[in-house]
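2 protein chains.
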Amino acid sequence: MTINIPELGKPRIVIVGGGFGGIELAKALRRADVQIVLLDKHNYHTFQPLLYQVATAGLEPDSIAFPLRKIFKNQGNLQFRMAEVTRIVPEKQSIQTNIGSLRYDYLVLATGSKTNCFGIESIEQNAMPMKSVPEALDLRSLILQHLETALETDDLKERESLMNIVVVGGGPTGVEMAGALGELKKHVLPADYPDLDLRQMNIHLIESGDALLGVMSPVSGQKAHEFLKKFGVNVWLDTFVTHYDGNTVTFKDGRTLSAKTLIWAAGVMADTVSGLAADSLARGQRIITDEFSRVKGYDNIFAIGDVAAMTSEKTPKGLPMLAPVAMQQGQLLAKNLQALLNDKPMRPFTYFDKGTMATVGRNRAVVESMGIKTQGFMAWFMWMAVHLMTLVGFRNKLVTLVNWTWSYFNYDRGIRLIIRPYYPNYTPNPDIPPQAQQTTAAIPAKV
Amino acid sequence: MTINIPELGKPRIVIVGGGFGGIELAKALRRADVQIVLLDKHNYHTFQPLLYQVATAGLEPDSIAFPLRKIFKNQGNLQFRMAEVTRIVPEKQSIQTNIGSLRYDYLVLATGSKTNCFGIESIEQNAMPMKSVPEALDLRSLILQHLETALETDDLKERESLMNIVVVGGGPTGVEMAGALGELKKHVLPADYPDLDLRQMNIHLIESGDALLGVMSPVSGQKAHEFLKKFGVNVWLDTFVTHYDGNTVTFKDGRTLSAKTLIWAAGVMADTVSGLAADSLARGQRIITDEFSRVKGYDNIFAIGDVAAMTSEKTPKGLPMLAPVAMQQGQLLAKNLQALLNDKPMRPFTYFDKGTMATVGRNRAVVESMGIKTQGFMAWFMWMAVHLMTLVGFRNKLVTLVNWTWSYFNYDRGIRLIIRPYYPNYTPNPDIPPQAQQTTAAIPAKV
Numbered sequence: 232m233t234i235n236i237p238e239l240g241k242p243r244i245v246i247v248g249g250g251f252g253g254i255e256l257a258k259a260l261r262r263a264d265v266q267i268v269l270l271d272k273h274n275y276h277t278f279q280p281l282l283y284q285v286a287t288a289g290l291e292p293d294s295i296a297f298p299l300r301k302i303f304k305n306q307g308n309l310q311f312r313m314a315e316v317t318r319i320v321p322e323k324q325s326i327q328t329n330i331g332s333l334r335y336d337y338l339v340l341a342t343g344s345k346t347n348c349f350g351i352e353s354i355e356q357n358a359m360p361m362k363s364v365p366e367a368l369d370l371r372s373l374i375l376q377h378l379e380t381a382l383e384t385d386d387l388k389e390r391e392s393l394m395n396i397v398v399v400g401g402g403p404t405g406v407e408m409a410g411a412l413g414e415l416k417k418h419v420l421p422a423d424y425p426d427l428d429l430r431q432m433n434i435h436l437i438e439s440g441d442a443l444l445g446v447m448s449p450v451s452g453q454k455a456h457e458f459l460k461k462f463g464v465n466v467w468l469d470t471f472v473t474h475y476d477g478n479t480v481t482f483k484d485g486r487t488l489s490a491k492t493l494i495w496a497a498g499v500m501a502d503t504v505s506g507l508a509a510d511s512l513a514r515g516q517r518i519i520t521d522e523f524s525r526v527k528g529y530d531n532i533f534a535i536g537d538v539a540a541m542t543s544e545k546t547p548k549g550l551p552m553l554a555p556v557a558m559q560q561g562q563l564l565a566k567n568l569q570a571l572l573n574d575k576p577m578r579p580f581t582y583f584d585k586g587t588m589a590t591v592g593r594n595r596a597v598v599e600s601m602g603i604k605t606q607g608f609m610a611w612f613m614w615m616a617v618h619l620m621t622l623v624g625f626r627n628k629l630v631t632l633v634n635w636t637w638s639y640f641n642y643d644r645g646i647r648l649i650i651r652p653y654y655p656n657y658t659p660n661p662d663i664p665p666q667a668q669q670t671t672a673a674i675p676a677k678v
Numbered sequence: 232m233t234i235n236i237p238e239l240g241k242p243r244i245v246i247v248g249g250g251f252g253g254i255e256l257a258k259a260l261r262r263a264d265v266q267i268v269l270l271d272k273h274n275y276h277t278f279q280p281l282l283y284q285v286a287t288a289g290l291e292p293d294s295i296a297f298p299l300r301k302i303f304k305n306q307g308n309l310q311f312r313m314a315e316v317t318r319i320v321p322e323k324q325s326i327q328t329n330i331g332s333l334r335y336d337y338l339v340l341a342t343g344s345k346t347n348c349f350g351i352e353s354i355e356q357n358a359m360p361m362k363s364v365p366e367a368l369d370l371r372s373l374i375l376q377h378l379e380t381a382l383e384t385d386d387l388k389e390r391e392s393l394m395n396i397v398v399v400g401g402g403p404t405g406v407e408m409a410g411a412l413g414e415l416k417k418h419v420l421p422a423d424y425p426d427l428d429l430r431q432m433n434i435h436l437i438e439s440g441d442a443l444l445g446v447m448s449p450v451s452g453q454k455a456h457e458f459l460k461k462f463g464v465n466v467w468l469d470t471f472v473t474h475y476d477g478n479t480v481t482f483k484d485g486r487t488l489s490a491k492t493l494i495w496a497a498g499v500m501a502d503t504v505s506g507l508a509a510d511s512l513a514r515g516q517r518i519i520t521d522e523f524s525r526v527k528g529y530d531n532i533f534a535i536g537d538v539a540a541m542t543s544e545k546t547p548k549g550l551p552m553l554a555p556v557a558m559q560q561g562q563l564l565a566k567n568l569q570a571l572l573n574d575k576p577m578r579p580f581t582y583f584d585k586g587t588m589a590t591v592g593r594n595r596a597v598v599e600s601m602g603i604k605t606q607g608f609m610a611w612f613m614w615m616a617v618h619l620m621t622l623v624g625f626r627n628k629l630v631t632l633v634n635w636t637w638s639y640f641n642y643d644r645g646i647r648l649i650i651r652p653y654y655p656n657y658t659p660n661p662d663i664p665p666q667a668q669q670t671t672a673a674i675p676a677k678v
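Taken in order, these protein sequences are the chains called A and B. Converting from the first sequence to this note's numbering requires adding 231 to each position, the first position being numbered 1. Converting from the second sequence to this note's numbering requires adding 231 to each position, the first position being numbered 1.
If you are wondering where the hints come from, they were derived from the structure by calculation, not from laboratory data. Nothing here was measured: the structure is a model prediction, and the numbers come from that model. Incorrect hints may appear among the rest.
Identical copies carry no separate label here, and so any pair may be met within one copy or between two of them.
To be verified - Calculated pairs, DSS-like style, for lysine-lysine (alpha carbon to alpha carbon, straight line, at most 30 angstroms): (1) Lys388 x Lys604; (2) Lys575 x Lys483; (3) Lys461 x Lys304; (4) Lys461 x Lys604; (5) Lys304 x Lys545; (6) Lys304 x Lys388; (7) Lys604 x Lys575; (8) Lys416 x Lys628; (9) Lys460 x Lys527; (10) Lys416 x Lys483; (11) Lys388 x Lys566; (12) Lys461 x Lys258; (13) Lys628 x Lys417; (14) Lys575 x Lys345; (15) Lys461 x Lys272; (16) Lys345 x Lys304; (17) Lys628 x Lys241; (18) Lys566 x Lys604; (19) Lys548 x Lys417; (20) Lys241 x Lys460.
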């Protein structure tokens, strides 16, 4: 079966993935005389830098995600399909998806990255990832459900385990997540759970290296460490997690920790599509490209963003997996594809590093940008401004601003619903009609 | 196992259900020298009158739901537990729940109502109900998924069936739902789905009686009918649905209609808890109470709101199942319980009817209140004001106002994410770790 898209006799550019890279590329091609087909497994773009706020009850999922059809509703040369690409068939210039196959003239892979548990099976099975909106919602539900359950336990050890949260990975995602959890514990939960002794709740941030925020300078890492301590977060450096059974975290040196929630933010890997030659792939499954984003060994297949390893003498391991890299590569590739179509020379990519930032709980952030290093309240203000400006859609900006202003003045988080109950061991009841299985009514209320 | 709540030596009032009646009662008891335990199967209060806006992409679920713990965070005499009550044991003054049993001195049932399919099994299995936040989200996902699938069908009949939506029930819920769908079809979907011929999409509103909005006066029903026609909704009066197999709707006179989405808003019934004597129950499982909300045959069990049939000479069938009835009963019961505890006489309930209103798509509503009947733009404005004022929580009011203002000026609905994919026939994959089953990654992307 072929996807239902007409042949227009124009060069067809198929873009796989509606993340930062994919949408920048598609937008920049809006005046090109080509046929663009954008595919994504979701019908929305996810603003991943703020996913941790969905998981910690700060923002609605709808504020940080944006319908892809809406982004492109006035772009006549683009068609969107909600589809998951399963295989590339380069010899046929075609891709296979769950809704059918599709021919391409030019293929751009912008599939991003996925959680990497480094092959530790117990972590793959029991840790909570946080790379998508449904995962963030599952995490929010799990944390809140555990607190409800903690109220009903007389076993002190069990109660601690239900309340404890371990975040693995001291990069920006782990630091922001731990900071937000610290804020939740300090300012929000005590009023919500007067019956629980929240001093028993411990938030641990585990990092295998010797400093937090390894991608930034030591001063930023140290400041982030300080800020986290103030929020009551326990930071463990030089510590490796080797096993997690859903209840006990085991470290390399044999020590253990009880926690029923473990958030894995320690690694990502490229979310590669199969079908490319083996020598096109680098370490961590990233797709090797030249400085024009062209995939090694192919003339008409390109890769941008997290999934691509644009290797050069200066960056033998490829560029960092960051939104600005993806966006800049998307913007340049739009120009280069048009150059290619007009037999003009392509321009090589150079990364313009705007800097890095991470927020640490209420009122605090660390920022490194254009030679400036700053930490604390002003950095936090800059962090907010940059994230608000980057959010897609005016409505989202406005709703997010309302929520942030509200939280700031009220020391509160508005969004604490368990709307997507999380049942690790949920199996459908054969006695209930299948239609009813997805509603809460049919799901056993006891976890 | 007993629920972990200490005995304080004070009279214990157990309230089952955090709907309009339950929270009004609990709030009005805030200064009483009693121990209140509030139970609900969700950890949030649902503002049911706006559920249809969640289902039609107008509002985030978090805007119309409010965490129960947050409502009562400063009320020292109340404890909340997320629990589902399974049985009342009057002879032991105790209730059984999924997290344990609980003793009561006074029990108040405020469990509300649930969808009633009048025993038609094919409808129970295949129709979409809309009484809770997860159900509204399922409905939103289903409608959007069907449109995505419609793009990939060459079978014209199949495509129509995917696009058609049938709403059964011409009361306020059905009318508001049909109006919102008409608005979606007219103003939002054409830009989102340029490849779909939306003239093929038909929205049908089916009513078994001879007029819409039977609870209101004929003029309101006629105006609503007119407004719906303008939005392109097909209204069928005097029409009974007898069967629905998920694809074909069959009517009593033998006619059929193809539609893969059927929304059932034709009936509700009391959501009664088992354990009461059979003669305490009236038609539709409602619990018979006297004018003090006391359940027939029991001294210390009360029922308020939709679940209660407060029968009197004037209202032999009980009062209408409306939020204002529940709220007023809750407020009076708080006073009467305190009177009872102080050996003072209780006051009988009188319902103060503030009127009824229903919105019909963009800019139109019908209102009947205090002897005034009005329809059109002013009525719509009144509808908005009343609903905004009634929403719990300032943040919710503000975010809802932002969304409504945005939609009004942009003819748009912001919230079109399929974050809770709806898979009627989804069965977990035994090869995938159970933890991963709830994420979209593990769910087959093809419906």
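Structure-based check of all given hints:
{"no.": "1", "hint": "Lys388 x Lys604", "in the structure": "neither (43 angstroms within a copy, 63 angstroms between copies)"}
{"no.": "2", "hint": "Lys575 x Lys483", "in the structure": "neither (55 angstroms within a copy, 69 angstroms between copies)"}
{"no.": "3", "hint": "Lys461 x Lys304", "in the structure": "between (46 angstroms within a copy, 25 angstroms between copies)"}
{"no.": "4", "hint": "Lys461 x Lys604", "in the structure": "within (21 angstroms within a copy, 60 angstroms between copies)"}
{"no.": "5", "hint": "Lys304 x Lys545", "in the structure": "neither (40 angstroms within a copy, 56 angstroms between copies)"}
{"no.": "6", "hint": "Lys304 x Lys388", "in the structure": "between (54 angstroms within a copy, 26 angstroms between copies)"}
{"no.": "7", "hint": "Lys604 x Lys575", "in the structure": "neither (41 angstroms within a copy, 70 angstroms between copies)"}
{"no.": "8", "hint": "Lys416 x Lys628", "in the structure": "both (27 angstroms within a copy, 26 angstroms between copies)"}
{"no.": "9", "hint": "Lys460 x Lys527", "in the structure": "neither (46 angstroms within a copy, 59 angstroms between copies)"}
{"no.": "10", "hint": "Lys416 x Lys483", "in the structure": "within (28 angstroms within a copy, 58 angstroms between copies)"}
{"no.": "11", "hint": "Lys388 x Lys566", "in the structure": "neither (60 angstroms within a copy, 43 angstroms between copies)"}
{"no.": "12", "hint": "Lys461 x Lys258", "in the structure": "neither (43 angstroms within a copy, 36 angstroms between copies)"}
{"no.": "13", "hint": "Lys628 x Lys417", "in the structure": "both (27 angstroms within a copy, 26 angstroms between copies)"}
{"no.": "14", "hint": "Lys575 x Lys345", "in the structure": "neither (36 angstroms within a copy, 66 angstroms between copies)"}
{"no.": "15", "hint": "Lys461 x Lys272", "in the structure": "neither (40 angstroms within a copy, 36 angstroms between copies)"}
{"no.": "16", "hint": "Lys345 x Lys304", "in the structure": "within (28 angstroms within a copy, 39 angstroms between copies)"}
{"no.": "17", "hint": "Lys628 x Lys241", "in the structure": "neither (36 angstroms within a copy, 49 angstroms between copies)"}
{"no.": "18", "hint": "Lys566 x Lys604", "in the structure": "neither (33 angstroms within a copy, 61 angstroms between copies)"}
{"no.": "19", "hint": "Lys548 x Lys417", "in the structure": "neither (41 angstroms within a copy, 51 angstroms between copies)"}
{"no.": "20", "hint": "Lys241 x Lys460", "in the structure": "neither (58 angstroms within a copy, 42 angstroms between copies)"}
This entry does not satisfy hints 1, 2, 5, 7, 9, 11, 12, 14, 15, 17, 18, 19, 20, going by the numbered hints stated previously.
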